[in-house]
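Enquirer: One letter stands for each residue in the lines below.
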Amino acid sequence: MIAYIANLGVLLGIAVILASSLNLMVGYAGIFSVAHAVFYGVGAYAAAKIALGVTDSFLLATAVAMFVSGAVSFLLAVPVLRVREEYFVVASIGFQVVASTIFTSWHAVTGGMGGLAGIPPARVLGWQLTSPVEYLILTAVCMVLVLAFIAVLVKSPFGRALKAFRDDEVAATALGKDPLALRVAATTISGALAAVAGSIYAFHVSFVNPESFTLDYSVMILAMVIIGGAGSLAGPIVGAVFITAFPALLNFIEMPSRYVGPVEQLIYGASIVLLMVFWPNGLASIWRLLRPRRPVQAAGGGTER
Amino acid sequence: MAALDIHGLRKAFGGNVIIPDVTLALEPGLITSLVGPNGAGKTTLFNLITGFLRPDAGSVHYKGSDLVGLSPQRVTRLGIARSFQDLRLFNEMTVFENVLVAQESSFRLWTRAAACRHTDAVLERVGLADKRDTRAMDLSYAERKFLNLARIMALDIDLFLLDEPASGLDGPSRTTFHTLLQSLKDEGHTVLLIEHNLDIVREVSDRIAFLNKGEVMAFDTPERIFANERLTDLYFGTAGRPAEAASC
Amino acid sequence: MIVLFQMFVEGVAAGSLYALAAVGFALIYATTRTFHFAHGATMMLAAYAFYQAVTVWQWPAVFAVALAVAVAVAFGVGVERLVYQPMRRTDASFLTIFAASFGLLIVATNVVVLLFGNSFYSVDSTLSRGFLVGPLYLSWVNLLSVAVALVSITALQWFMRRTRTGVILRAMMDDAALVGVFGLGDRRYGMIAFAIGSALVAPAAILTSLNAGLQPSMGALLTLLAIAGAIVGGIGNLWGAALGGLLLGIAENVGVWQLSSTWKPAITFGVLLIFLMFKPDGLLGAATRRS
Ligand SMILES: Nc1ncnc2c1ncn2[C@@H]1O[C@H](COP(=O)(O)OP(=O)(O)OP(=O)(O)O)[C@@H](O)[C@H]1O
Ligand SMILES: [Mg+2]
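Chains as they are written, first to last, in UniProt numbering: chain A, 1 to 305; chain B, 1 to 248; chain C, 1 to 291.
Since the hints were made in silico from the structure, they are not lab data. This list has only true hints and no planted wrong ones.
Just so you have them, the derived chain A footprint on chain C, three or more residues with Cβ under 8 Å:
no. : region
1   : 76-88
2   : 253-265
Over the 12 Å line for every Cβ pair with chain B, so calculated as not near, a few chain A residues:
no. : residue
3   : Ile2
4   : Tyr4
5   : Leu11
6   : Thr104
7   : Ser105
8   : His107
9   : Leu125
10  : Glu134
11  : Phe252
12  : Ile253
Note that beta-carbon positions come from the ideal geometry of N, C-alpha and C, so glycine has one too.
With the hints as extra help, turn the sequences into a complete structure.
Expert: Here is the structure:
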């Protein structure tokens, strides 16, 4: 039972890291990406390679994974971010599809459909992790570090510049901000952070294969961000908890097992539609209603838009 | 040397020649007003100078280099900033953040404390210090206009291109605006100001460029321009209706 | 060489169907500025409706086709009316509309999974039989695909040029605000655009189910192909979209000449990525770069 909860906790931590890092792009930089599972996957494969061939040090493997994944997202971002946002969405889907094919077909590196197995347990600063609870602690620490990093980042000049772009791209450009440089930076950081989740995953399940990094999973990560609420720190966390915990809740309802998957998907599809129509700011914005509102200032005449 | 040297600038939108041929040299340290009827191409000229539009022909020289073909952010970093007729504030951000974010894109390296101090000083100058933590979208109209100015004043800038910063301001805020403009001039900045209200133009300008149908009809001191009946006729139209009434 | 030509022929047939989907997507996008990601769901629903009518209820083909078209149009107009229009009225951002559309695709796909299961169905028909022309193997479905696409797209072209509604839709493609100026409002015409765009995927749905069978994932795949086709062709240009769809069909079929067929989607998106990077305006489109 403890092992079950610990495993669920690790998966939740991974989901929070993925959703929060994607939120940097979707919520702050205004880049809609449906390819986040690729960076998660690249991170997992890179960590697995290091663990299998070089060292079982978690820190070293994660550092390499972040570097490789950051580099891949940088290479994707530079040419593709030049196009309009609509097209980036499609380009990211295309990238995901191509990457999935590469994961399954580049046997020499990824082990193809079979993947890479036999990844040794992680070692962190000389301490060998074995039990699920230890992995849970490792995940929690990584998650807190990633969240703290993101929190600091969005309050930094860089984060402010991203928010300025989100509010008014033309004005931000006129103030001397470089749109491409900011977006590329956000995408690269986002990709590198996703690799942290990938590295944890690889060590935790000790085996990686393409099935964990599919388009479906990218959609799920995006759904976490949207359902929770893009552009806030709490949003992706709420969304990750909602989507990860949901299957667990459905277990309590009696239904033939073959219906479980589709019902789950149906519910989160419907949640997205309903939220977007009635509550486009996401679940996390609900608690704002409970907070005392800021006094509303007189709006004054002539708005010019 | 001119602060900004515009030569033979031309722009057409799909066969519609909006700016046929503009040549204009701004004298350093002076306030030049750009006046002309609605649709004369004033905003378009700003867009051409600042890299938001690419001219079909001509050059814009600033400190010895040609700005044509540079991106807007490059132009700003060279020391030219423009404000927008439709303000374009960062509505979700506070007044303080609006100015701070501008300030952070200047090349100077600031410590956090110095950046805040400088930002607060700018807010003090435009009279928005007490609105520091209000969101831009919650400001009054006049406050929004001043925030628009504060944002570009926070940049490290020589040349200000202001697109109707005073339109719609009432008496007292107009005085504040006037003082502000004067202080920019006293610091040695060059200003190119688009303004419809001829009273304001008369009060603040050292030079006036009169733009009509994308051509500079006259470029002279205020006294000489206002003495020219042909121009005042053109501007007010035969019906004598001031253009301000039609502008938005 | 013959093999290559055979693949080319199949590419043209597949590409004709993609062209229909891409034109529908482009029409909806250009007139209503809605990134209708659930476009493939329309196709999937129409395909399953056709399957149900023909195979389970044993309806005559004509009625089954009519049902498929009706389902497609009902779904398209329904989501426009119930989801997109309310969102547009509140000035929802591109991302919000995209997300809702994505949600619709997930909902529709899983409704089909619940009703029909995840397994593969095929529709038996004499049309899927093939015959030899010289060394080439052709099937009626392939010929029909090309013919239906040609007729539909020509009819659409005529409609857009010759009818009042068509002219208004073209005006909306140039400038959606313009329609408001004329006092027409875009509500009715938005629904008309969705009706036509959705109806266009019905033939694609039927012919695909005859040719390749049905599976719930076909919706997502076709959405991607439609959008890719519209982008490769140049978004905002209907005939460009048709050309883009055709090109993708040919590319993915000829492309697997030397590769395993698992590479098909990768080829499609490889072509798309190359276009986005080197010719983002598409074959016939207007500028798509950020200002
Ligand atoms: N991007 C564009 N595409 C097509 N036409 C344009 C574009 N920008 C401006 N114009 C046209 O150029 C002309 C000049 O516009 P501009 O905004 O420069 O006038 P203005 O002098 O600033 O007028 P106002 O006093 O009303 O602000 C107008 O007729 C306008 O319709
Ligand atoms: Mg103007």
